[in-house]
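There are 2 protein chains.
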Amino acid sequence: MPLKKVVIIGGGFGGLTAAKELKNANLDITLIDKTNHHLFQPLLYQVATAALSPADVAAPIRAILNKQKNIRVIMGEVNRIDTSSKKVFLNGDAFDYDYLITAVGSRHSYFGNDKWEKFAPGLKTINDALKLREKILLSFEKAERLNDEKEIKKQMTFVIVGGGPTGVELAGAIAEIARVTMLKDFRKINPAKTKIILVEALDRLLTAFDRQLSAKANESLEELGVTVLLNRRVVDINERGVQFENEMIETPNVIWAAGNTIPSIVSSLNSETDRAGRAIVENDCSLKNHPEIFVIGDAALFIENGKPLPGIAPAAIQQGRYVAKIIANGIPKEGRKPFKYFDKGILATIGKAKAVMQIGGVKASGWFAWIAWVFVHILYLIGFRNRYKVLAEWIWLYVTNRHGIRLITQKTEM
Amino acid sequence: MPLKKVVIIGGGFGGLTAAKELKNANLDITLIDKTNHHLFQPLLYQVATAALSPADVAAPIRAILNKQKNIRVIMGEVNRIDTSSKKVFLNGDAFDYDYLITAVGSRHSYFGNDKWEKFAPGLKTINDALKLREKILLSFEKAERLNDEKEIKKQMTFVIVGGGPTGVELAGAIAEIARVTMLKDFRKINPAKTKIILVEALDRLLTAFDRQLSAKANESLEELGVTVLLNRRVVDINERGVQFENEMIETPNVIWAAGNTIPSIVSSLNSETDRAGRAIVENDCSLKNHPEIFVIGDAALFIENGKPLPGIAPAAIQQGRYVAKIIANGIPKEGRKPFKYFDKGILATIGKAKAVMQIGGVKASGWFAWIAWVFVHILYLIGFRNRYKVLAEWIWLYVTNRHGIRLITQKTEM
Chain Y
1 MPLKKVVIIG GGFGGLTAAK ELKNANLDIT LIDKTNHHLF QPLLYQVATA ALSPADVAAP
61 IRAILNKQKN IRVIMGEVNR IDTSSKKVFL NGDAFDYDYL ITAVGSRHSY FGNDKWEKFA
121 PGLKTINDAL KLREKILLSF EKAERLNDEK EIKKQMTFVI VGGGPTGVEL AGAIAEIARV
181 TMLKDFRKIN PAKTKIILVE ALDRLLTAFD RQLSAKANES LEELGVTVLL NRRVVDINER
241 GVQFENEMIE TPNVIWAAGN TIPSIVSSLN SETDRAGRAI VENDCSLKNH PEIFVIGDAA
301 LFIENGKPLP GIAPAAIQQG RYVAKIIANG IPKEGRKPFK YFDKGILATI GKAKAVMQIG
361 GVKASGWFAW IAWVFVHILY LIGFRNRYKV LAEWIWLYVT NRHGIRLITQ KTEM
Chain S
1001 MPLKKVVIIG GGFGGLTAAK ELKNANLDIT LIDKTNHHLF QPLLYQVATA ALSPADVAAP
1061 IRAILNKQKN IRVIMGEVNR IDTSSKKVFL NGDAFDYDYL ITAVGSRHSY FGNDKWEKFA
1121 PGLKTINDAL KLREKILLSF EKAERLNDEK EIKKQMTFVI VGGGPTGVEL AGAIAEIARV
1181 TMLKDFRKIN PAKTKIILVE ALDRLLTAFD RQLSAKANES LEELGVTVLL NRRVVDINER
1241 GVQFENEMIE TPNVIWAAGN TIPSIVSSLN SETDRAGRAI VENDCSLKNH PEIFVIGDAA
1301 LFIENGKPLP GIAPAAIQQG RYVAKIIANG IPKEGRKPFK YFDKGILATI GKAKAVMQIG
1361 GVKASGWFAW IAWVFVHILY LIGFRNRYKV LAEWIWLYVT NRHGIRLITQ KTEM
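Top line first, the protein sequences correspond to chains Y and S.
Under this note's numbering, think of the first position of the first sequence as 1, with each following residue one higher.
Under this note's numbering, think of the first position of the second sequence as 1001, with each following residue one higher.
One should not assume that every hint holds.
No farther apart than 30 Å at their CA atoms in a straight line, the calculated lysine-lysine pairs in the DSSO-like style are these [said to hold, decoys possible]: (1) K195/Y with K1067/S; (2) K1195/S with K1131/S; (3) K1153/S with K34/Y; (4) K1188/S with K67/Y; (5) K288/Y with K337/Y; (6) K1020/S with K5/Y; (7) K1288/S with K1086/S; (8) K1086/S with K142/Y; (9) K1142/S with K4/Y; (10) K325/Y with K1188/S; (11) K1333/S with K1023/S; (12) K135/Y with K1069/S; (13) K135/Y with K1131/S; (14) K1124/S with K1344/S; (15) K1020/S with K1004/S; (16) K1363/S with K1344/S; (17) K135/Y with K1135/S; (18) K1135/S with K1153/S; (19) K69/Y with K4/Y; (20) K1124/S with K142/Y; (21) K1333/S with K1069/S; (22) K1067/S with K67/Y; (23) K150/Y with K1087/S; (24) K20/Y with K87/Y; (25) K1124/S with K1195/S; (26) K184/Y with K1135/S; (27) K1069/S with K188/Y.
To give a feel for the contact side, a few chain S residues facing chain Y, derived at Cβ under 10 Å [stated by the list, open to error]: (28) K1067; (29) K1069; (30) I1071; (31) T1251; (32) F1368; (33) G1404.
Label-pair distances were calculated between CB atoms; the ranges are [what the hints assert, rightly or not]: (34) N1026/S with K131/Y: 39 to 47 Å; (35) N1091/S with N190/Y: 18 to 26 Å; (36) Y398/Y with I1395/S: 17 to 25 Å; (37) K1337/S with N190/Y: 27 to 35 Å.
Derived from the structure by calculation, the hints contain no laboratory data.
Treat the numbers as computed from the prediction; the structure is a model and nothing was measured.
All residues carry an ideal CB built from backbone N, CA and C; glycine is no exception.
Isolated chain Y, as found in the complex (with noise of 0.2 Å):
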């Protein structure tokens, strides 16, 4: 009897748990990346403020794979799947599944105003990352060789839209590149002055946490000297900067950190979604009538206790280890016992030694929160090499405020 056949879809944290955890099934396994690496996305903003290297964040999803012989990468993107004929289709080539697992992450959404995204550039991506570095730099060395001191002020303000975890360590690490780090290199511009601006929509920054910790993570970026503008609703990004209700704050650089979508990949499963694209999902992660299919991660609305799960990792590496279960033993739909999330906390960190975390109804903040921050992301950073080359450049920065990643790579007309 020929093996089955898995397609997994993704090998960000939900799509290569359940690759890894189907290590010893006896099946013919496919995962499909539009990209040849895994990202460990929590920390991909160290690498857009000039803390870490690409390759301290990311592996490629082969070297992480190479043992398991029952497992093939492909790099490329999908463009179709075929839910009736249970194919998978990559450009000219066709791949039949037996079970799928799609585990295909989100993207930025700007809800609906595409064009905004030309100005205020989102980061999900290592080469998002590194555009949004260039341009941090770039600002700084215009503002160097400018006189006007109105074009200046320009260059040195940072926008950036969306008040979650992402916005506030971006603002904390921007503001501590400039005011730190760059303090002694220009002799025209003072870093110091740099404007950092982080916008929230709705009345206060980190909405899944606790009203409590998120006036912390206010207060302490306020400490860092960004200012953080609550009720704030962008009502356009051009060319000029970021128009508010009643105001506009003029300057290139805006950095968009504010809603999620689907990769439209997921509409062709055909199946129920959410406003945002996300596929709607039983309590087993399949799709209802496709007990073959099975969506998680960030690409899935799974409803627990009448509330939707966070779209953050420890949801899709259960999810991929509980589908994993299900292929690996082949249990029919109705033998499936409902998939539960384990609430391991949430936390976000805000410049170099602070941070907020919240356990179940446990809150910590400031330094031990940090450390704790620390430890996490260190513990599940993907292969022993990143993680002691990370830690080693976390040392490093901690002693010296150096960021030394500095580096403007593409060329850029200036």
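Guided by the hints, dock chain S onto chain Y, whose structure is given.
Only chain S this time, still in chain Y's reference frame:
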């Protein structure tokens, strides 16, 4: 009296050394570079072959010079030099100089066949290295997806044109990444079958070395599985591959490591040049009739004992130091002692643990030469941080054979 103005064009080995040497001089110095970083070019091939990250071989020029208050660093490309009004033009800006140090390095030369560049990229900048790395890695990814044996063979063939140090080092490193590091990463293709062909127009590799060492290098490369083709002249390079006089090698993977030319900005100095475009300098590194203009490093043709100085880092560094002393002390033309090159020897590495070295009449090869190579390169690396990181990376690589930086980060069509 206003301070004398010094403009240094280029933050490579020559320009940066001159800048550092002038640290206590009472001068108004401007260093202009196209990029924001100093690049340790001798290790660039290791970025291209996924052994090192860009930040391991490059450091921001501002950060290197940030304690030196008499210098201003400008990122930008010089458009024109006016030697009569003593001005350097950079887009809208003009910089006056009393002394000018031109240290702009060299670029690839395709000997008049500029259309080859598209099919056979070279290796001079970090961006070149990243593109080359992606090209190499993508070839294997494509091969793994292909079904046609002939097409697979083409993707797994690499031709390196030019048997100088860069060509030799690249060939050795590609052989290792293919045949050792990635050996177990693929299911369909066998990376051990990768063909690496090093092509040289003359009758031996590494012509700057003694014949005996050329033979050693040849032998070591063949042991690594590289095919060395000598006396082979390239007639054409196009989308099909490389055309020789009587033969064609079909491959999309051609790498150019032959020939240098000088950035065109040197021509606006209106000095005498050689065929490659190098400015012919006097024995004090200045231009004839322009004792205030120095050209150093690869961009200069300096004749000593009837022979031109080699275009290598030690020559540029020594010249940078020499001209800085002249400028710091305001020595007039007639008071300058001629520049004397101190030959510290030459080194080239072949794969993981072999190298050839030659210091004056002393020759060595094999493991001992390789250890010397490691120490010389670590010693000359800019900045404590990079040294310690690169050494850590090399130890890791030596022990595990895992090239960790195997990332394809650009959006690439497949």
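Results of checking the hints against the structure:
1. K195/Y with K1067/S: holds, 24 Å
2. K1195/S with K1131/S: The given pair, whose Cα atoms are some 20 Å apart, holds under the 30 Å limit.
3. K1153/S with K34/Y: Holds, at about 24 Å.
4. K1188/S with K67/Y: holds, 14 Å
5. K288/Y with K337/Y: holds, 16 Å
6. K1020/S with K5/Y: Violated, because 63 Å separates the two Cα atoms, which is more than 30 Å.
7. K1288/S with K1086/S: holds, 15 Å
8. K1086/S with K142/Y: The given pair, whose Cα atoms are some 24 Å apart, holds under the 30 Å limit.
9. K1142/S with K4/Y: holds, 25 Å
10. K325/Y with K1188/S: holds, 27 Å
11. K1333/S with K1023/S: holds, 22 Å
12. K135/Y with K1069/S: holds, 26 Å
13. K135/Y with K1131/S: holds, 20 Å
14. K1124/S with K1344/S: holds, 23 Å
15. K1020/S with K1004/S: Cα-Cα ~17 Å, so holds.
16. K1363/S with K1344/S: holds, 13 Å
17. K135/Y with K1135/S: holds, 25 Å
18. K1135/S with K1153/S: holds, 16 Å
19. K69/Y with K4/Y: holds, 15 Å
20. K1124/S with K142/Y: Roughly 24 Å separates the two Cα atoms, so the pair holds.
21. K1333/S with K1069/S: holds, 28 Å
22. K1067/S with K67/Y: violated, 50 Å
23. K150/Y with K1087/S: holds, 27 Å
24. K20/Y with K87/Y: Measuring from Cα to Cα gives roughly 23 Å; hence the hint holds.
25. K1124/S with K1195/S: Holds. K1124/S to K1195/S sits at ~24 Å (cutoff 30 Å).
26. K184/Y with K1135/S: Since the Cα atoms of K184/Y and K1135/S sit roughly 38 Å apart, the hinted pair is violated (cutoff 30 Å).
27. K1069/S with K188/Y: holds, 12 Å
28. K1067: holds, 7 Å
29. K1069: Cβ of K1069/S sits 8 Å from chain Y, so the hint holds.
30. I1071: holds, 8 Å
31. T1251: This interface hint is violated because 20 Å lies over the 10 Å limit.
32. F1368: With Cβ-Cβ at 29 Å, over 10 Å, it is violated.
33. G1404: Hint on G1404/S: holds, closest Cβ of chain Y at ~5 Å, below 10 Å.
34. N1026/S with K131/Y: 39 to 47 Å: The hint (39 to 47 Å, Cβ to Cβ) holds, given that N1026/S and K131/Y are roughly 41 Å apart.
35. N1091/S with N190/Y: 18 to 26 Å: With a Cβ separation near 23 Å, N1091/S and N190/Y satisfy 18 to 26 Å, so the hint holds.
36. Y398/Y with I1395/S: 17 to 25 Å: holds, 23 Å
37. K1337/S with N190/Y: 27 to 35 Å: Violated: the Cβ-Cβ distance is about 43 Å, outside 27 to 35 Å.
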